[in-house]
Structure formats: C-alpha cells, structure tokens
Amino acid sequence: DAGVTQSPTHLIKTRGQQVTLRCSPISGHKSVSWYQQVLGQGPQFIFQYYEKEERGRGNFPDRFSARQFPNYSSELNVNALLLGDSALYLCASSPGGGEKLFFGSGTQLSVL
Amino acid sequence: GESVGLHLPTLSVQEGDNSIINCAYSNSASDYFIWYKQESGKGPQFIIDIRSNMDKRQGQRVTVLLNKTVKHLSLQIAATQPGDSAVYFCAENNAFGNEKLTFGTGTRLTIIP
Chain F
1 DAGVTQSPTH
11 LIKTRGQQVT
21 LRCSPISGHK
31 SVSWYQQVLG
41 QGPQFIFQYY
51 EKEERGRGNF
61 PDRFSARQFP
71 NYSSELNVNA
81 LLLGDSALYL
91 CASSPGGGEK
101 LFFGSGTQLS
111 VL
Chain Y
1001 GESVGLHLPT
1011 LSVQEGDNSI
1021 INCAYSNSAS
1031 DYFIWYKQES
1041 GKGPQFIIDI
1051 RSNMDKRQGQ
1061 RVTVLLNKTV
1071 KHLSLQIAAT
1081 QPGDSAVYFC
1091 AENNAFGNEK
1101 LTFGTGTRLT
1111 IIP
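Respectively, the protein sequence lines represent chains F and Y. Reading the first sequence from the start, the letters are residues 1 to 112 in this note's numbering. Reading the second sequence from the start, the letters are residues 1001 to 1113 in this note's numbering.
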C-alpha cells in the first residue's frame, strides 16, 4: 500500500508569493495533520483535519490555512510568504483516533 | 509549560552494541508517546508508541520504557546496524483524538562500523 504522498517535493518561491502544498493520506485514513520542520528542530504542529473539519490548530499566523477534501486529501496554503517560512512541510495521516501518525516525505519550501 | 526535551543531542554507538536514547517530558497530563526516526531528506518514520497505562513496550529490536514518576521516556535499540543512523525524536500527546504532537529537538544517532 502507498504511504502518505506529498507534492511537490521541492518548491522555491519569493517573498510575498502564495503557495499550495498537497497531501494524500494512507488509504483508509480519515485524519490529516500538517507540521512545519525548520532545519535542526523537531516538527511543529500547524493543523489537523478529520472528516473535513478542523480539529486542531497550532500557533501559526492566519497566513496559514488548510482544507480537507471528501477523499480525505488535504491542501496547506500559505499566503504572503516570508523568509522564515522556509522549512520542510510534513503531512501525517492516521485513522483518526489520535494514535500512530504516519508522515510523508515532506515538501521542502525555500523562500528567497 | 509543556515541553519535550532530549538529554543528549548526539550519540555514537559501535555497530552491534545496544543504544539508549532518552527523553524527558514536562506535561504530566501526557498520555501517549511516540518515537520517530528521521533520515536525511525524509519524513519521520514511526518506530513505536506507548500509552501512559503501560511501562514498557517491545517491537522488533526496539523497546520503549516509560517512567511516569520522573516523566522520562527511553528508546532502546538492540544490536545496532548502520541503517539505524538517523535523528530520533520523541513526541507526546496529551489530548486523545487530537493529533497535536509535541516533538523534542531530536538526538542524532551515529553507528560506528
């Protein structure tokens, strides 16, 4: 079975631009979470969606938004990009019970 | 405040030896813990998890120990192999059903041939 898939794998943007990152969860998983990982640090929670509803939100500005589609895939949008948004963006999926989150390989975003 | 920390940022172990990676957490309400392995250029890979109603859980070559009295978590890897070289993160969750994991900064494990 395919794991969590994310696209694109790498992305280069300039300050002020907008970006959309995509995630397909493991088949059968209804929950998707997004994390930001800055180089040298552990991942930080951004959002969780379950059955298309936002279940949790981390300490990130309103420039960050997300949604989940009927097929449980998800998009993360970041507006008005800043240099500090450069990071690895990780998507994780789970059946939805709060256990066993499985991560994708991430999208490496570079903001110039 | 809520935090998950690691005692050592780096650890070098001889191939074939056992390794122990430690993690301290500060939130006594945490009820679920996960260990992840992250190799360069990849996302975190699930290794093993444990709920707060358990003290020990074993997997293939790995054992997680949980000491709730001192809020300490450890990951033991038996007979380490070169492929075990990676950064290891512990993560905790204190809200069942909510997937807001709090990660530590990680420990880099290097296996010496």
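Among the hints, erroneous ones may be present.
Some chain F residues near chain Y, calculated using beta-carbon distances under 7 Å [what the hints assert, rightly or not]:
1. Gln-48
2. Gly-106
3. Val-111
For the record, the hints were derived by calculation from the structure and aren't laboratory data. Where is the CB? At the ideal position from N, CA and C, for every residue including glycine.
Verification of the hints:
1. Gln-48: 5 Å, holds
2. Gly-106: 5 Å, holds
3. Val-111: Violated. Min distance 19 Å.
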